[in-house]
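Chemist: Below are the chains, spelled out letter by letter.
Protein chains: 2
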Amino acid sequence: MTGGSTAPTADPAPGEHVLRRAADAGLRLTRARRAVVAALEACTGPTTAADLAERLTDVPISSLYRSLAVLVDAGVVARVHETEGTARFELAEDITGHHHHLVCRSCGTVIDVRPTSSADDTIAGIVEAEAARHGFTATGHHVDIEGVCAACRTP
Amino acid sequence: MTGGSTAPTADPAPGEHVLRRAADAGLRLTRARRAVVAALEACTGPTTAADLAERLTDVPISSLYRSLAVLVDAGVVARVHETEGTARFELAEDITGHHHHLVCRSCGTVIDVRPTSSADDTIAGIVEAEAARHGFTATGHHVDIEGVCAACRTP
DNA sequence: CCTGAACTGAGACTCGTTCTCATTCTACGG
DNA sequence: CCGTAGAATGAGAACGAGTCTCAGTTCAGG
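Residue numbers (this note's numbering), protein chains in the order written: chain A, 217 to 371; chain B, 217 to 371.
None of these hints come from the bench; they were simulated from the model. Mixed in with the good hints, there may be bad ones.
[Said to hold, decoys possible] Have a look at the derived ranges for each label pair, beta carbon to beta carbon:
1) B:T273 with A:S334: 50 to 58 Å
2) B:A241 with A:L245: 51 to 59 Å
3) B:D337 with A:A254: 37 to 45 Å
4) B:S278 with A:G351: 37 to 45 Å
5) B:T302 with A:R250: 42 to 50 Å
6) B:G324 with A:S333: 27 to 35 Å
7) B:S334 with A:R244: 50 to 58 Å
8) B:T332 with A:L245: 45 to 53 Å
9) A:G291 with B:D240: 30 to 38 Å
10) B:A258 with A:H233: 42 to 50 Å
11) B:A239 with A:R250: 56 to 64 Å
12) A:R282 with B:R369: 44 to 52 Å
Glycine residues also receive a C-beta, built at the ideal position from the N, C-alpha and C atoms.
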């Protein structure tokens with residue numbers, strides 16, 4: 217589902233696309249869902265439900281989780297599990313384009329980075345070969361880069 | 217911490233190493249901890265606490281979690297978060313060698329795959345460049361390959 | 001073998017997430 | 001523009017993974 221060598225569509229405001237695709241999947245475009253999509257669009261990386269809840273004070277927690285689940289089901293939002301216990305959510309890769317994650321070991325922030333297409337083609341090739349060697353059919357890959365961000369390095 | 221271009225030490229039975237390193241870190245080598253290390257050693261990929269509890273019927277759940285936490289702290293066990301909500305544990309990469317994860321979308325099984333050192337050097341190079349471009353100092357990377365295993369493909 | 005500190009075990013507890021059900025809202029047909 | 005069926009909401013209960021507490025036990029050094 218998350219493309220390996222898929223060419224990313226680099227449009228600046230994907231919110232409308234997301235809502236349209238959700239509607240096409242048979243979903244109603246309610247206030248809560250619009251708000252969730254808008255909030256995800258405003259984030260620079262995968263975000264926790266708690267963080268979203270903080271921004272969306274008028275969306276109760278149960279609705280927030282349900283909206284996220286529905287959007288994940290419709291394929292427009294992805295659920296990602298890098299960090300300690302809590303789930304993180306972001307717009308699906310075929311909307312934002314394929315990307316890797318840069319995770320700060322110190323503050324836990326996660327930001328998206330777009331690999332150059334040649335770099336990602338290289339990785340996709342390696343990944344496919346490894347999968348094949350173990351009898352798997354690869355459908356995608358995730359690269360998480362662990363490191364320390366500029367802000368955390370300088371005290 | 218999880219090496220990018222680190223050359224893996226490919227020894228077949230790392231259990232002794234693990235226990236020695238745990239002892240060097242000031243830990244007591246108790247029955248529970250030995251059992252946990254042995255169980256992890258017997259697995260072919262990252263394993264859930266529930267799965268370990270099933271194998272280690274004589275280790276109560278609170279002890280199991282505590283032992284895992286202590287071993288993670290000592291740097292001999294790694295905590296990994298690929299799948300739905302629950303944490304998975306495996307021996308640290310500097311014991312088992314650097315590896316990627318092959319995750320079956322259908323049955324959820326995770327198996328370790330060792331990249332060839334040239335393949336991993338290539339990936340490490342790409343990763344480092346991406347990190348640098350965003351002001352990060354990369355300390356390691358994780359590659360998760362999503363796919364369908366041979367068993368799930370054939371009904 | 002003795003002692004103190006580290007560790008264990010049972011269960012209470014926390015917190016992220018999901019479920020339930022009565023009420024409300026959306027989208028569609030008229 | 002309005003009525004209606006059914007999808008979606010909201011509040012809170014419920015659930016499950018993981019953590020904490022504390023009295024009792026075990027390990028390792030002397």
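Chemist: The structure should be examined with respect to each hint, and the outcome stated for every one.
Modeler: Okay, the hints, checked on the actual structure:
Separated by about 52 Å at the C-beta atoms, T273 (chain B) and S334 (chain A) satisfy the suggested range of 50 to 58 Å. Look at A241 (chain B) against L245 (chain A): about 55 Å separates their beta carbons, and that is inside 51 to 59 Å. At roughly 42 Å, the beta carbons of D337 (chain B) and A254 (chain A) sit within the given window of 37 to 45 Å. For S278 (chain B) and G351 (chain A), the Cβ-Cβ distance of about 38 Å falls inside the hinted range of 37 to 45 Å, so the restraint holds.
Between T302 (chain B) and R250 (chain A) the beta carbons are some 32 Å apart, a value that contradicts the proposed interval 42 to 50 Å. Between G324 (chain B) and S333 (chain A) the CB atoms are about 31 Å apart, so this pair conforms to the stated range of 27 to 35 Å. Between S334 (chain B) and R244 (chain A) the beta carbon distance is about 52 Å. The supplied range of 50 to 58 Å therefore holds. With their beta carbons about 48 Å apart, T332 (chain B) and L245 (chain A) fall inside the hinted range of 45 to 53 Å.
At about 49 Å, the CB distance of G291 (chain A) to D240 (chain B) disagrees with the hint of 30 to 38 Å. Judged by the Cβ atoms, the range 42 to 50 Å given for A258 (chain B) and H233 (chain A) holds: they are separated by roughly 47 Å. A hinted range of 56 to 64 Å for the beta carbons of A239 (chain B) and R250 (chain A) is consistent with their spacing of about 57 Å. R282 (chain A) and R369 (chain B) have their C-beta atoms about 33 Å apart, which leaves the hinted 44 to 52 Å range violated.
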